[in-house]
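S.K.: Which chain is which? The protein sequence lines are A and B, in order.
Sequential numbering from 1 applies to the first sequence in the working numbering.
Sequential numbering from 1001 applies to the second sequence in the working numbering.
Derived by calculation from the structure, the hints in this document are not laboratory data.
Note that the structure is a prediction, hence the values are computed from the model and not measured.
Ideal placement from N, C-alpha and C gives every residue a C-beta, glycine not left out.
Among the clues, some could well be false.
Taking lysine to any residue and the SDA-like style, the derived pairs with C-alpha atoms no more than 25 Å apart in a straight line are [said to hold, decoys possible]:
{"no.": "1", "chain 1": "A", "residue 1": "K229", "chain 2": "A", "residue 2": "R311"}
{"no.": "2", "chain 1": "A", "residue 1": "K11", "chain 2": "B", "residue 2": "G1131"}
{"no.": "3", "chain 1": "A", "residue 1": "K229", "chain 2": "A", "residue 2": "T65"}
{"no.": "4", "chain 1": "A", "residue 1": "K11", "chain 2": "B", "residue 2": "P1098"}
{"no.": "5", "chain 1": "A", "residue 1": "K11", "chain 2": "B", "residue 2": "S1257"}
{"no.": "6", "chain 1": "A", "residue 1": "K11", "chain 2": "A", "residue 2": "Q96"}
{"no.": "7", "chain 1": "A", "residue 1": "K11", "chain 2": "B", "residue 2": "R1088"}
{"no.": "8", "chain 1": "A", "residue 1": "K229", "chain 2": "A", "residue 2": "A278"}
{"no.": "9", "chain 1": "A", "residue 1": "K11", "chain 2": "B", "residue 2": "F1185"}
{"no.": "10", "chain 1": "A", "residue 1": "K11", "chain 2": "A", "residue 2": "Q227"}
{"no.": "11", "chain 1": "A", "residue 1": "K11", "chain 2": "A", "residue 2": "A278"}
To give an idea of the interface, some chain B residues facing chain A are shown, with a C-beta separation under 7 Å as derived from the structure [what the hints assert, rightly or not]:
{"no.": "12", "residue": "L1016"}
{"no.": "13", "residue": "A1018"}
{"no.": "14", "residue": "R1021"}
{"no.": "15", "residue": "A1024"}
{"no.": "16", "residue": "V1026"}
{"no.": "17", "residue": "D1092"}
{"no.": "18", "residue": "R1093"}
{"no.": "19", "residue": "L1095"}
{"no.": "20", "residue": "A1096"}
{"no.": "21", "residue": "S1097"}
{"no.": "22", "residue": "P1098"}
{"no.": "23", "residue": "I1099"}
{"no.": "24", "residue": "Y1254"}
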Amino acid sequence: MPGPFGESAIKADTLVKTYGEVTALAGLSFTVPAGSVFGLLGPNGAGKSTTMKILTTLSRPDSGTATVAGHDVLREPNEVRRAIGVVTQRSGTDPQATGRENLLLAGRIHGMRGTAARSRVDELLERFDLTSAADRVVRTYSGGMQRKLDVAMGLVHGPVVLFLDEPTTGLDPQARADMWAEIARLSAQERLTVLLTTHYLEEADHLAERLLIVDRGTAVASGTPDQLKSELRGDAVVIDLAPEADLGLAERAVEAMSGTHEVTVEGRTIRSRVDNGASAVPAVLAVLEREAVPVAAVTVARPALDDVYLRHTGRSFAIAGEVRV
Amino acid sequence: MAPLVSHSGYLTARLLRATLRQPAFVAISLVQPMMWLLLFGQLFERVVEIPGFAAGSYIDFLTPGVVVMTVLFSSGWAGMGFIEDMDRGVMDRMLASPISRMAMMVSSVVNQAVAIVVQSLIVVVVALLLGAEFAGGVVGVLVMLVAAVLLAAAFASLSNGMALVVRTQESLIGFSTMLTLPLSFMSSAMMAREAAPGWIQTVSRFNPVDWSVVASREALSADPDWSAVFARLGGLLAVAVVAVWLATRAFRSYQRSL
């Protein structure tokens, strides 16, 4: 869907940022289509947070340019600030103020007044299930409640672009699932453009319509999660044979098919990689039926994002992320 | 200008509410200046007998000094609030919003000013109970409050600006202590200028802390030299404005570090 600023809500063009000897960004470029959820995925130190800081006008790049919601982050920082909601990695809520006071302050800074501000705050408290805690100071909130309040604060003024920097880091599984549901709802109902960073592969896979994998300050791959995974050329087709089946016959039959590779047998299970799992399954079943090999089950598994990450960076995601404490 | 005023109002309300939610802090802030007045009053009671000491009652003499010490020891720490906001992420969230940077500085200054006025009034009441006469009357007390607020504005801004540059509590504590103690001793806050060594007398002429003490003491006297009072208030105003401006520029230094 084209947004009010044409097709793209965010354009980053060859961003470079160094901190002393350390290169955080080495010429990063990408475009985020308006109205989509876009994920920046990479291990700690990949340059995700630096990118966020530049796009939210907190930090200036050494070189390169970026526009957010149609405004240049360097030349029109105040216009950018009016158009965006920012949820930083650290909370950003005032622990000595109540949830309601935090939201009202955020709204008033954006020029909201009187009953309009108050009813918007009530609406957000209701939506994030914080109404009963609204008049307690934030210091007494659980981690999950604080994170919900953080997101609510980023939304008070109805931004065009929402930045979520590691929105679920430190949350327990239940709070994380709640947050995922809320983020999915945001993009579906509010036509928001959401840029989120994460170092959780499953989060990126689950939430983002488009992904950019960053490593050491540059983009290594981009596309939809499915596109990235299909670049690996090959879904896994797993065939479980019935006990009376002839294993050798089945293996030879599958190997002889066009488009199957890496056929392996383990127990009564035959695995192979195929270009397209969905169309391969009927063909495999037809071949095995012709050979009169009884089949117990066939499953297709798409490659996971960590396979993608491994392929593009040469490191497995788990190892790359281990520096994180 | 409109956002500066409204944003300053919202942010000041935030700071004042946070203070009132810490009753222990409020209690200590109210008791501390009283204790100084009582302690120093007793300790230096006979100092007026030193030749060259013009004032008659040491409590009368000491009150502006205690008010100024109170300013230094509360406004000097204003930057701690900025550092808490940085650590918590509040600072980054604000800087990524269309908030007026100057309002962030002004609200901190106004918050300090409110505290100083309350603390100073308590000192005045206790001094009166201890027998101070304050020949200058209500006008004299008002001048003392204005001088204290201007000095607080200068020190709170410097503390905030320093917080934005050093960004850690430890460094800010070091800076604040290094600045406030010598500046108060190199003034006539506790001791008549005439009784201090010559070089301190010279230095104190350029010390805004001393301007605040002298303007207050003069206005509280029976026959104030108003030109001396206004010259020093003018100097304090200039220092305060420059400090607020400089400290607001320090946001750039902070953002460069991000």
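S.K.: Now, for every hint given, state plainly whether the structure supports it.
M.R.: These are the hints, each one checked on the structure:
Using a Cα cut-off of 25 Å, the hinted pair A:K229 and A:R311 holds, with the two alpha carbons roughly 10 Å apart. A threshold of 25 Å between alpha carbons decides the hint, and for A:K11 with B:G1131 the separation of about 71 Å lies outside it, so the pair is violated. Straight-line distance between C-alpha atoms of A:K229 and A:T65 comes to about 30 Å, which puts the hinted pair past the 25 Å bound. Under the criterion of a C-alpha separation no larger than 25 Å, the hint pairing A:K11 with B:P1098 is consistent with the structure, at around 21 Å.
For the hint linking A:K11 to B:S1257, the alpha-carbon distance of about 24 Å falls within 25 Å, and the restraint holds. Proposed proximity of A:K11 and A:Q96 is contradicted: the alpha carbons are some 37 Å apart, above 25 Å. With a CA separation close to 29 Å, the supplied pair A:K11 and B:R1088 exceeds the 25 Å bound. The straight-line distance between the Cα atoms of A:K229 and A:A278 is roughly 14 Å, inside the 25 Å bound, and the hint therefore holds.
For the given pair, A:K11 sits about 57 Å from B:F1185 by alpha-carbon distance, which is inconsistent with the 25 Å threshold. Between the alpha carbons of A:K11 and A:Q227 the distance comes to roughly 21 Å, so the proposed pair stays at or under 25 Å and holds. The hinted pair formed by A:K11 and A:A278 fails the criterion: a straight-line CA distance of about 36 Å is larger than 25 Å. Of the supplied interface hints, the one on B:L1016 is violated, with its beta-carbon coming no nearer than about 11 Å to a beta-carbon of chain A, more than 7 Å.
Hint status for B:A1018 relative to chain A: holds, with the closest Cβ pair at about 4 Å, below 7 Å. Here the hint on B:R1021 is kept, as its CB sits about 6 Å from the closest CB of chain A, short of 7 Å. Because the smallest distance between the Cβ of B:A1024 and any Cβ of chain A comes to about 14 Å, over 7 Å, the interface hint for this residue is violated. Restraint check, B:V1026 versus chain A: the minimum CB separation of about 13 Å is more than 7 Å; hint violated.
Below 7 Å, beta-carbon pairs count as interface contacts, and B:D1092 has one with chain A at about 5 Å; its hint therefore holds. Given the 7 Å rule on beta carbons, the hint for B:R1093 holds: about 4 Å separates it from the nearest Cβ of chain A. With a cut of 7 Å, the hint placing B:L1095 at the interface with chain A holds, because the nearest CB-to-CB distance is about 6 Å. Evaluation of the B:A1096 hint against chain A yields a held restraint, the C-beta minimum of about 4 Å falling below 7 Å.
Contact between B:S1097 and chain A, as hinted, is supported at the beta carbon level, the nearest pair being about 5 Å apart and thus within 7 Å. Here the hint on B:P1098 is kept, as its CB sits about 4 Å from the closest CB of chain A, short of 7 Å. With its C-beta approaching chain A no nearer than about 5 Å, B:I1099 sits inside the 7 Å limit, and its interface hint holds. At a threshold of 7 Å, the smallest CB-CB gap from B:Y1254 to chain A is about 10 Å, leaving the interface hint violated.
Violated hints for the displayed structure, listed by number in ascending order: 2, 3, 6, 7, 9, 11, 12, 15, 16 and 24.
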